[in-house]
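Given the coordinates of chain A, work out where chains B, C and D should sit on it, guided by the hints.
Protein chains: 4
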Amino acid sequence: MAKLYFRHGTMSSGKTLNLLAVAHNYEQKGERVVVIRPRLDDRFGAESVVSRTGIQRIADVLVDVDSIIDRKILQGVACILVDEAQFLSCDVVDQLRQITWDLDIPVICYGLRTDFQTRSFSGSGRLLEVADTLEEVKTVCHFCNRKAVFNLRISALGAEVDGPQIELGADDRYRPVCGPCYHSHTNRQNQDLFGD
Amino acid sequence: MAKLYFRHGTMSSGKTLNLLAVAHNYEQKGERVVVIRPRLDDRFGAESVVSRTGIQRIADVLVDVDSIIDRKILQGVACILVDEAQFLSCDVVDQLRQITWDLDIPVICYGLRTDFQTRSFSGSGRLLEVADTLEEVKTVCHFCNRKAVFNLRISALGAEVDGPQIELGADDRYRPVCGPCYHSHTNRQNQDLFGD
Amino acid sequence: MAKLYFRHGTMSSGKTLNLLAVAHNYEQKGERVVVIRPRLDDRFGAESVVSRTGIQRIADVLVDVDSIIDRKILQGVACILVDEAQFLSCDVVDQLRQITWDLDIPVICYGLRTDFQTRSFSGSGRLLEVADTLEEVKTVCHFCNRKAVFNLRISALGAEVDGPQIELGADDRYRPVCGPCYHSHTNRQNQDLFGD
Amino acid sequence: MAKLYFRHGTMSSGKTLNLLAVAHNYEQKGERVVVIRPRLDDRFGAESVVSRTGIQRIADVLVDVDSIIDRKILQGVACILVDEAQFLSCDVVDQLRQITWDLDIPVICYGLRTDFQTRSFSGSGRLLEVADTLEEVKTVCHFCNRKAVFNLRISALGAEVDGPQIELGADDRYRPVCGPCYHSHTNRQNQDLFGD
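Chains as they are written, first to last, in the numbering used here: chain A, 4 to 199; chain B, 4 to 199; chain C, 4 to 199; chain D, 4 to 199.
Hints are supplied without guarantee of correctness; some may be wrong.
[Stated by the list, open to error] Once the Cα atoms are required to be at most 30 Å apart in a straight line, the calculated DSBU-like pairs of lysine-lysine come out as:
| # | chain 1 | residue 1 | chain 2 | residue 2 |
| --- | --- | --- | --- | --- |
| 1 | A | LYS150 | B | LYS150 |
| 2 | C | LYS32 | B | LYS150 |
| 3 | A | LYS141 | B | LYS141 |
| 4 | C | LYS6 | B | LYS75 |
| 5 | D | LYS141 | A | LYS32 |
| 6 | D | LYS150 | A | LYS150 |
| 7 | A | LYS150 | C | LYS150 |
| 8 | B | LYS6 | C | LYS150 |
| 9 | D | LYS150 | A | LYS75 |
| 10 | C | LYS6 | A | LYS32 |
| 11 | C | LYS141 | B | LYS75 |
| 12 | C | LYS32 | D | LYS150 |
It should be emphasised that the hints constitute simulated quantities derived from the structure, not laboratory data.
Note that the structure is predicted; figures quoted are calculated from it, not measured.
Chain A with its partners taken away, still in its complex shape:
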């Protein structure tokens, strides 16, 4: 029976690169994948799935919070891959969960676990509840090389502790950080720590 995977990681952990590599492997075997992403995030244009390394591809399906995934397009598909899965609605996650059972197609979701205030997003919160397998895509802390766990949001004034959950187009304002560095920076906010 096909499974639902949540491969979570911080900003810049290589999640999209991992997604593109999985797509590449299936396609080399002559099999078809479907790449889904939330419409919400249009950093790189409405339909592109782009890794920071420069590799990219076009998403096959864009979903909104109230989208109903069309099962006709899933016929003969070997794997469903979801980029930026943290932005999915609970309802779309539940549809993907159902698809693994009804259609026996594995679904691999890549996304952030939490926002800059250490709270889950709608999609990541639901995936943490219902995924068959939780896998971590690891990277190192921006400051100290321990494993990164949190996403720090910074401005010219230092670490931000308040503000809207999502600020699209602001990728350069996030840093993957470990717990101790997250704690020390959010507690001494508004200091110019980010001369780097």
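Below, chains B, C and D without anything else, positioned relative to chain A:
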């Protein structure tokens, strides 16, 4: 730097047995652990941490949703172990998170990931967000031997889909189940499937 | 399709306790498991599988290096559990590997990864090659509370660096240790470091 | 204390891509990595580390079976990355192991677990024994989409079961396969199964 672990598993996956084994290993080395549990759950008496195999010990600290953990009792402690961590409040999880950073004591939390409706509890939801490491304590589905992921609640009438999140003293009404079996049983509820 | 698992860990990491818990879970569901152990290791009597916590059961099958596992006894079995799997011969591991494919019965092997000189045993070496899943049963270093990775053998004179690979009945002469502690102790051998 | 990682996977599982992404992440932070590869493997020229996706870089150090790694070049290095680590000699693995302890630099080794006959290589065998952390880089079976575990070597005549362990420049003759597919193909060798 000490870490916060969330070792999640379904009902009957051996979480408490794992906790007791960890405590045993530290104590054999002459080191002290502190065992914490929420007061909420008094299945086996207010203070006992009991594995289904029969091994048990007394919890050192009982916490309520608004408890402030007394750091004096943590002096010289090698490890903090938490049983039934799904019932912790977010605030207590945040205190434990802080303790790993301030006191450099590892905290290992054992608990359910989700309730019988596949929703996280207060404690497990927060641990899924902020733990350094998510580890699964695995067991097999009651019906089919795939890996269990969900907790099915049953009554004489079959699977339950509605009701209060917590029904203490009702352990024998839960079954660890895989996704497909959870789905098939909650969709044909009120049928007497549980003659076993 | 059933899988072959190798759950490896150092001395005192709770491998046997984990095995007994898995057996218990299957049997509570009314299913049958078969517990196998190598005859070589008769620390606790030829046929007992004993956890340091005191829980135990009798092994169903004892295997020698040249045993042919009788498939008749595996009829209707839900799971095969192997204790002290590091002592299996390569050939017996290959039979177990084959059983997962021919009979579709999962095989979970518990054992040490390496000996006191950091070399694999016959069984663990083969399992590290052919298991579908490698899972670590974790415990902490005897000296410093980092994760244990190696097994240190000690005598009244300190850490041992030479000697036979297997010394049965000498469990109290092993300590689970992390890499740095293994290194520092084997490099200053023959000093009385073990007053504890 | 820095750790030694072995990230093992079958052919075409994305190991080198993962390595290149890790290097990229460190370098974006302004930190230096050293990339090591065995000289033995000169598929793509003596010094290139190339992912099948096309991304590549030049290895900083080529090692032979009897190389002594020059520690002077490791000064100020944040991470050591090893490609094709299965081809390292045991002795070079032991040097890398020692470097994590002496210089406190993490070493991440990427490589195959086993050859086309399911036997470990010199480097992978030693890494399976002494790595602090074994992590699997996953991909799917060429034939059936289960997780790949073995590497099948094929010729115009079908699966090969005999021959030299290493055939460089023959990457297109390997397929990542699951256990059941490995078994079924090697047992009906010399049949033209590979029309694809």
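Quiz item: Which hint numbers does the structure go against, in order from smallest to largest?
Solution: 4
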